[in-house]
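Asks: Following the hints, position chain B against chain A.
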Amino acid sequence: MTRAVRERPQGAAIARRVAGHIGRGLVMIWVVATISFFIIREIPGDPVQGMYETLLQKGMSPDQAERATAVLYGFLPTGSLWHQYVDYMWSLLHLDLGQSLSTPGVKVTSLIGSAAQWTVLPVLAGTLLSFLLGVTMGVYAAIKRSGKLGDLLALSGSLLHGVPVYVIGLLLTAIFTTLWPILPAGGPVDVAYVPGFNAGYIGSLVYHAVLPVATYTLASYGGWILAMKSNVVAVLGDDFILAAELRGLRRGFVFRYLARNAILPLFTILALSIGMLFGGSIFIEEIFNYPGLGLLLVNSISTRDYALMGGAFLVITVGIVVANIVADLLYTAIDPRVRSGETA
Amino acid sequence: MKLLAAIAALASIATATACGSAGTESSGQGGIYTTIDGSKQINASAPINPFNPVGSVFDGYNGMALAWPKNDPIDPNQFYPAIARSWDVSPDQSAVVIHLQPDARWSDGKPVTSEDVRVSIGLAYTQGGTAYAIDPKAAGAAASIQVVDPKTIRITQGANKSNMFLSNLLSTDIVPAHVFGQLLPADFWQKLKVAQTGKGPAADRDKNVITGLADKVIAFSPPHDVSAGPFVLERVNPGAALLTRNPYFYDRRLIVPDKVEMLNYSGNEQIWNYLIAGKLDNAPFTSVPSAVLDRIRQVRGSKVISGFSPVSTSLAFNQAHKPYDNVHVRRALAYLINRAQVTKIASPEGGTASETTSGIHAAAAKVWLGQAFNGLDPYRLDPAKAAAELKAAGMTRRGGKWALPDGKPWTVQIHVPAAFSDWVSAAKSISSQLTDHGIDATVVTSADYTLYLTELAAGKYDVGFWLMGLGPSPYNIFQRLFGQANGWQMFGGRLEHVAPGTQGNWMGGPEKVAVAGPDGTTTVDPGELTSRLGYASQDEQKKIVAVLARTANQQLPVIQLWDYVNTQFVNTSRYTGFPPDDDQSLRLSSGVWMQLGMIRKRQA
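In order, the protein sequence lines correspond to chains A and B.
Quick note: the first sequence uses the numbering used here, first residue 1, plus one each step.
Quick note: the second sequence uses the numbering used here, first residue 1001, plus one each step.
A few of these clues could be false.
Said to hold, decoys possible - Below, simulated DSS-like cross-link-like pairs (lysine-lysine); rule was C-alpha separation at most 27 Å, straight line:
#, chain 1, residue 1, chain 2, residue 2
1, B, K1344, A, K58
2, A, K58, B, K1279
3, B, K1151, A, K58
4, B, K1151, B, K1199
Stated by the list, open to error - Sample of chain A residues with no beta-carbon within 10 Å of chain B, all distances over it, derived:
#, residue
5, V27
6, P47
7, S61
8, A70
9, P104
10, L159
11, V165
12, T178
13, D190
14, A227
15, R250
16, T268
17, I287
18, L314
Derived from the structure by calculation, the hints contain no laboratory data.
Beta carbons: idealized from backbone N, C-alpha and C, even for Gly.
Next comes chain A alone, as it looks inside the complex (with noise of 0.2 Å):
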């Protein structure tokens, strides 16, 4: 009886939580919405002229690329602005992006909805690989830090924390798929396999994700590193670590004290980086051929496609407010401190 009533409190309070973060996140993604809808609109630059000679640079003559571009003035949006706006958050309460203009007669929501697979999964496996390797190596360099093992380990992290994503990509693709050609220059998936729960198949799509996740994976494991070991050596000093050495813990169980309350603030962080490598991928994309949200939205900027361009800071922008809420729910869960302070 005691014990119900004390979770009834406490299961309110979460609810009440998680309401005010979903909130304050639906409040968010309509300030993005809003600010990218004009901001879009406001790009200079006429997608079909743009169009029209982009073509004729490509050699097409005059008549073909005519032909080519004529039926894109029925996508072009009419209407004053704010008409635009209203149509555009109605649409939007019904989860409709509107037409794409780059792909005209396909919804954005789908073409979103395709190019979406392609992002999530390599992000998700480079953040958790990276999150994985650097928090391990963050561990080792600050045990060992007097050693030439630890000092390497932050060498390695300080170096890749400072190289840019898109130099990463470079280099990555330089070596592998010309000096070394043991990986595909780019694409998702090999077309000669039959798409489907096959062993070619899912073979060819990790074959063609490691160059894209090994980037992501390098591009913030360095961060990783440095900020585990920063926080190793922080929580080594603290009395509760000199206390169980004193109590003659075994070694085994002072790592674990050490390595849960170091690692505490990196779960935050990782639910946001998450969120922030989406953008990242416009870059690593855009290298590797890899056609998800990053790539989807720098054509739809060089081709003027406004439904597309605010369909993906859109998708972009959730991800980050969901990521942004995960980690502090997260962090809720996770360290107690928060907890009693919520319910006290």
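Replies: This is chain B only, laid out in the frame that chain A set:
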């Protein structure tokens, strides 16, 4: 660490599997031909529909037109047969009778008939465009379509004739009526007739009905590909499209590869990497730095084929801005730019330095003008002539720097889109050359081409890069110099010249100019002459082209920098029989080369 080891092991197994052949559909003796479609990126979400600009239909493979245009330097009406085996044109081009390939069949076995052509033309009307404009006054619009028999169809041209009618007609994409025919309402042809010939609300209503079908036609997504070409789309993913040989193709004995893999690309670097890896049998030309080009050439079997490309690059002036309104200033700049040096830096493989400014690619200009080509001022590097021209413009030289007539400093701002590395290199080279000759010059880049074109059209730039010489049609060639960008526009079938800075007139040239010729100096309206090129006879066209070339040469609305070369990469380690240099099929896809019997399997 154990987890990492497990992941690494899984990845290794997957990689090994992917490198193997499990799951693939095997190809026969003909092998898989790998290439890239340079005109569009692959979009797996797009329908298998040629009316969709990014549809999964690839010209020459699973996309067929009535005929394929030859790369003739001056005649846009030269074609290779495709779905049309032959065609007869009346002397005044008012009627064309098309005879279809007798053995042409769709990939589902049904014969290709005149009804397919009629439906394809009906669908083309919903999209508008030159040959299929609903407005009967539009130049070169088709007037009637008559099915003569299952393999013969007759199309007539409206009263307002155009030299491009045959060319536009033969370029029509042909789709199967039994798949696409459902898009046209039963009374479509009656509505079209009312829209074309009727007047008042009924005509407007029917016109709206027809143009209102455009979205439906573009969005139409057949469940699977039905192709009359040598290949059929088997599947497409965001990285590539796979096409299989069409067993019903009318000339199937000429088609060697069993499959074609069309790779996607998002940037030139990917094409370079594919070429260096020897993966592509053919690739469209892309700007390539010399170091990369050397690496591509070293790949086993790698070859470069080059030929005529009717495109040139120029430095264009906004004549509404001072001092570029003064022809002496434009000429002075032409005498100070070493075009050979600019081309060597900017486009060593993809271009040849322009011999002069004529408005036309040199290869076509020599055919059009004959000996008169040599009579044009070549504007060779000549600082003395440049100084004389600048003095004639009232410019003054102080402290080694040229200044404006009012004594204010003069800086030439050259605008260029940042993404075009060859143009950026050229702009920097020109800027450096002008600076060496006492003219301050800077290069200003725009974030992307779309923004560049918008700002250019808005008249924000003094000097910018501009594509020109878009042949082979002489009308298209001179449209780039004396068309909308320079103030000439059609309003209700009448040509008018609009004021600089309005309605896209960013070149700001005068409506009439004095041009010196063999018979003395005459005043011409270049826009009016250009417009006449659309319907004039070939003899008359020759005379007009001569006048317009002299106009371009003397007035210099642009300085022609280099003429493009169509340069293609091929790899002969798997297939041979690629077209030779300067072949008339060079601007067509490998699929068309195969239809012409060119591609052969390399014998071991």
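Asks: Does the structure break any of the earlier hints, and which numbers would those be?
Replies: 3, 4, 6, 7, 8, 9, 12, 13, 17
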